[in-house]
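Residue numbers (my numbering), protein chains in the order written: chain A, 1 to 107; chain B, 1 to 204; chain C, 1 to 114.
Hints may be right or wrong, so weigh each one.
Residues from chain B shown here face chain C by an in silico Cβ test under 8 Å; the list is partial [said to hold, decoys possible]: (1) 58; (2) 90; (3) 99.
Listed below are the simulated DSSO-like cross-link pairs for lysine-lysine, each with C-alpha atoms no more than 30 Å apart in a straight line [to be verified]: (4) A:31 / C:12; (5) B:77 / C:39; (6) A:31 / A:97; (7) C:12 / C:82; (8) C:74 / C:49; (9) A:70 / A:31; (10) C:88 / B:77; (11) A:35 / C:49; (12) A:35 / C:12.
Since the hints were derived computationally from the structure, they do not count as laboratory data. Just so you know, even glycine gets a beta-carbon here, dropped at the ideal spot from N, CA and C.
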Amino acid sequence: MANTVIGSSIVIDGEISGDEDLVIQGTVKGKISLKESLYVENSGVVEADIDTQNVEIAGRVTGNILASDKVELKTDCRVVGDIKAPRILIADGASFKGNVDMDTKER
Amino acid sequence: MASDNTVIGESILISGKLTGDEDLTVRGRVEGEVSLTKTLIVEASGVVRANVEVKNAIVSGVVVGNITATESVELTKDGRMVGDIRSPRVIIVDGASFRGRVDMGDLEPNRERSERPAARPLMRPTVRTSSAPPRPPVAAVAAKAPAAKPVPPPQPSRVESRVDARPPSPPKPAAAARPAPPPPPAPPAMAEAGKKKVLVKKKR
Amino acid sequence: MAQLGQINIIGKGIVIRGSLSGGGDLVIEGRVEGQIALKNHLTIEATGKVEADIRVEELTINGEASGNIDASSKVAINSSAKVSGDVKATRVVIEDGAVFNGSIEMDVKLPDDL
Numbered sequence: 001m002a003n004t005v006i007g008s009s010i011v012i013d014g015e016i017s018g019d020e021d022l023v024i025q026g027t028v029k030g031k032i033s034l035k036e037s038l039y040v041e042n043s044g045v046v047e048a049d050i051d052t053q054n055v056e057i058a059g060r061v062t063g064n065i066l067a068s069d070k071v072e073l074k075t076d077c078r079v080v081g082d083i084k085a086p087r088i089l090i091a092d093g094a095s096f097k098g099n100v101d102m103d104t105k106e107r
Numbered sequence: 001m002a003s004d005n006t007v008i009g010e011s012i013l014i015s016g017k018l019t020g021d022e023d024l025t026v027r028g029r030v031e032g033e034v035s036l037t038k039t040l041i042v043e044a045s046g047v048v049r050a051n052v053e054v055k056n057a058i059v060s061g062v063v064v065g066n067i068t069a070t071e072s073v074e075l076t077k078d079g080r081m082v083g084d085i086r087s088p089r090v091i092i093v094d095g096a097s098f099r100g101r102v103d104m105g106d107l108e109p110n111r112e113r114s115e116r117p118a119a120r121p122l123m124r125p126t127v128r129t130s131s132a133p134p135r136p137p138v139a140a141v142a143a144k145a146p147a148a149k150p151v152p153p154p155q156p157s158r159v160e161s162r163v164d165a166r167p168p169s170p171p172k173p174a175a176a177a178r179p180a181p182p183p184p185p186a187p188p189a190m191a192e193a194g195k196k197k198v199l200v201k202k203k204r
Numbered sequence: 001m002a003q004l005g006q007i008n009i010i011g012k013g014i015v016i017r018g019s020l021s022g023g024g025d026l027v028i029e030g031r032v033e034g035q036i037a038l039k040n041h042l043t044i045e046a047t048g049k050v051e052a053d054i055r056v057e058e059l060t061i062n063g064e065a066s067g068n069i070d071a072s073s074k075v076a077i078n079s080s081a082k083v084s085g086d087v088k089a090t091r092v093v094i095e096d097g098a099v100f101n102g103s104i105e106m107d108v109k110l111p112d113d114l
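Model the full structure from these sequences, guided by the hints.
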């Protein structure tokens with residue numbers, strides 16, 4: 001289970017890195033690089049480039065997403081940016097603007 | 001070695017220098033300088049306005065001055081202190097109030113060292129005699145690079161920073177003979193507080 | 001105002017560089033470098049390492065902290081803590097075993113003649 005939770009009233013401006021799951025309910029601006037999974041929940045607002053293994057987005061993300069495994073855009077999410085990952089799921093109701101690249105040979 | 005305990009009663013005022021090899025309990029007032037090889041206990045009614053050098057200090061009353069303890073300093077819930085503490089163990093209990101620096105050594109020694117080379121209270125001996133006379137012109141240089149201009153051998157940096165840190169104030173003899181009222185070149189506010197304390201003492 | 005009962009955790013494996021602000025209690029088990037400004041209670045756990053200026057209501061330190069601390073109520077430096085920096089708070093507690101270097105500023109009520 002995810003250990004790190006950035007709650008809805010927290011704002012982080014800078015760089016987050018790490019090797020464990022991260023749940024964002026608050027606001028993060030800057031850059032996120034993780035070796036595990038990132039969950040951007042409903043209330044979460046991320047303005048950052050993301051480099052991780054998995055991402056699940058139910059909130060808002062502005063920035064480019066690079067995932068080594070999977071990106072999942074859930075219903076009600078709003079994502080603006082380019083996504084590059086071998087597996088990309090976009091749910092009905094998700095809103096997304098940007099490029100999708102599932103060609104992962106370079107990665 | 002005395003096992004009993006000296007008590008300075010509530011109505012007693014001691015002004016001057018107090019030294020000893022046994023525990024001392026202060027319920028009255030002590031001003032000047034205290035140096036003990038044992039424990040100083042300042043009880044709730046006690047007031048110590050002095051620079052203190054002890055093994056242990058337990059403060060439940062008021063201390064204004066610097067405490068250097070070889071073992072520990074404890075401020076209990078009624079303790080009030082203004083001054084600097086240098087001791088490997090410092091305990092501040094909830095309710096105590098304190099303003100000043102705490103130096104327990106140990107952590108980031110480089111930073112401590114470079115910030116205030118003259119702070120260590122351990123040396124004092126012949127510093128003044130050897131350094132004071134020939135130094136004056138160098139003082140300005142020394143101020144910019146305290147450690148860069150070594151005098152003879154062992155404690156050059158200290159000598160110099162002492163000289164340039166307080167040439168204008170009168171307290172030459174005492175400053176050299178005393179347990180180094182703390183950081184001269186340290187944070188400005190602190191340094192000033194330290195100097196002020198010294199001057200006050202001088203007048204008594 | 002912060003929601004009561006909300007706890008934010010920065011886990012062991014997480015490193016944050018930058019500024020962190022907001023309400024709600026926060027527990028840091030990982031690393032934070034930069035600045036922290038919180039309305040409520042910050043706890044730096046034994047595994048936590050913070051190099052930041054911290055402004056908070058209440059601060060409990062079990063791990064390592066360096067930087068200046070400004071707390072509107074209390075700072076507790078527990079026995080496993082290593083702290084360096086200047087601390088300003090209404091109440092400051094240092095437990096036996098804690099390592100602290102820096103200055104402390106509390107309001108000290110001295111007798112009138114001192």
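Results for each hint:
The interface hint given for residue 58 of chain B is broken, as the beta carbon of that residue sits about 12 Å from the closest beta carbon of chain C, more than 8 Å. A hinted interface residue such as residue 90 of chain B counts as satisfied when its beta carbon comes closer than 8 Å to some beta carbon of chain C; here the least separation is about 6 Å, so the hint holds. Interface hint status for residue 99 of chain B: upheld, as the beta-carbon distance to the closest one in chain C is roughly 5 Å, under 8 Å. For the proposed pair residue 31 of chain A and residue 12 of chain C, the alpha carbon gap of about 19 Å is at most 30 Å, so the pair holds.
Restraint check: the Cα-Cα separation between residue 77 of chain B and residue 39 of chain C comes to about 27 Å, which is no more than 30 Å; the hinted pair holds. For the proposed pair residue 31 of chain A and residue 97 of chain A, the alpha carbon gap of about 19 Å is at most 30 Å, so the pair holds. Taking the CA atoms of residue 12 of chain C and residue 82 of chain C, the gap is near 17 Å; set against the 30 Å cutoff, the hint holds. In summary, the hint linking residue 74 of chain C to residue 49 of chain C is supported, as the alpha carbons are separated by about 19 Å, within the 30 Å threshold.
Restraint check: the Cα-Cα separation between residue 70 of chain A and residue 31 of chain A comes to about 18 Å, which is no more than 30 Å; the hinted pair holds. The suggested pairing of residue 88 of chain C with residue 77 of chain B holds, with an alpha-carbon distance near 18 Å, which does not exceed 30 Å. For a cut-off of 30 Å, the pair hint linking residue 35 of chain A to residue 49 of chain C stands: about 20 Å separates their Cα positions. This hinted pair checks out: residue 35 of chain A and residue 12 of chain C have alpha carbons roughly 13 Å apart, not beyond 30 Å.
Of the numbered hints given earlier, the model fails hint 1 alone.
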